[in-house]
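Residue numbers (the working numbering), protein chains in the order written: chain A, 1 to 204; chain B, 1 to 170.
Just so you know, the hints here were simulated from the structure itself, not pulled from any lab data. Treat the hints loosely; a few may be bogus.
[Claimed, not checked] Below 27 Å or equal to it, Euclidean Cα-Cα: the simulated DSS-like pairs (lysine-lysine) are:
{"id": "1", "chain 1": "B", "residue 1": "K158", "chain 2": "A", "residue 2": "K69"}
{"id": "2", "chain 1": "A", "residue 1": "K122", "chain 2": "B", "residue 2": "K132"}
{"id": "3", "chain 1": "A", "residue 1": "K122", "chain 2": "B", "residue 2": "K74"}
{"id": "4", "chain 1": "B", "residue 1": "K158", "chain 2": "A", "residue 2": "K122"}
{"id": "5", "chain 1": "B", "residue 1": "K34", "chain 2": "A", "residue 2": "K89"}
Source: prediction; values computed, not measured.
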Amino acid sequence: MHIDWKNQEIIFKIVYYGPGLGGKTTNLEYIHSRLDPSCRSELISFKTSVERTLYFDFIQIETRAINGKRPRFNLYTVPGQAQYGFGRKLVLNGADALVFVADSQEGRMDDNLASLQDLEEKLALYGRSLRSVPWLIQYNKRDLPSALSLPLLQKRLNFFNVPYIEAVAVQGIGVMETLRLVIHLALQSHSVSERPERMTQARE
Amino acid sequence: MFVDEQVQNKQMVFSEATFEKISRIVTELNKRLKAHACIFADMNGYIVNYSGDQPEFDVHSFTAVAAGSFSTAKEMALMVSGKKHFEHVFFEGTDRHVYMCSVGDDYLMIIVFGQQTPVGFVRLLTHHAVEKLAGYLESLRRSTRQVQTFIDADFRRKLDHELDRAFGLS
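Let the hints inform the model, and build the full structure from the sequences given.
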């Protein structure tokens, strides 16, 4: 969290993590298309020639001022491909909360697990861990025939019993709900006397 | 309301008095350089202070991307020389240039300037400003004073309402 005294703004950093082609950029693209331009920046993407994320995607959203302070949220994705590990490490620095975008398809479970392990390793570089950082899982691509059942996904990926949301990001299903929930988690972690609660049910 | 400085896990919260001092340094630098923008930011790309023209570009997004670029250069420095970072990074454009240098380990100064200002002059004056800022930040780092925070249940409730409105979820 960062305070911009000059403009009386509170800025949070939220990072979308997960395996390549899991739908992280699609989440941000939907958010960009859905929100009124008055409360979001342009979507900035660094892409390779084959439309894969090279460094990160970035968009900033804001709301009206609350108690004299305007909240802003910097949303980043990380490049999912294995060779861009250093970019993932840089983007994770200072994150207030994370969304792990998991691909629900059976054939992607190894990639999901590898990405989760990579996330834990990158967090450790900053003295943090999946137990200490506020995060949630978005189970994406729920519309595909090869998607695993929710109980199975929970068993295979949600070791820490973090909040989760089902989504079909290309259709916008679950995208705004994910954003709202991760913002909620980020705020809870910065509250005065309240620690983040462990939430085991997704928001309907 | 924040009333004092906090130094915790490398994150600093500046008091308004501290902020004013930083602001004076950044404004003076911008004035002397006749730059388009002088941005003092942290390495995560958050603006601490900004001085310059009414921006024709999105300063927040620009700063986030610039910080990412500086971090990339840092990794390049490690790879080629084993050094922690390059002292400064300079992007030369046709009519506007960008000069960046680190302020201690956690902060960054970004200058956007035009053809009328020689890059050597930018380096020189920025170096002086950075020295002042670095010394000042170091003294803050030794501080252990605590801050109060304003993110409470009331703030969260109001923000939830604002988000519902902005996201069309209400």
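Hints violated by the structure (numbers, ascending): Hint check: 2, 4 and 5 fail, others pass.
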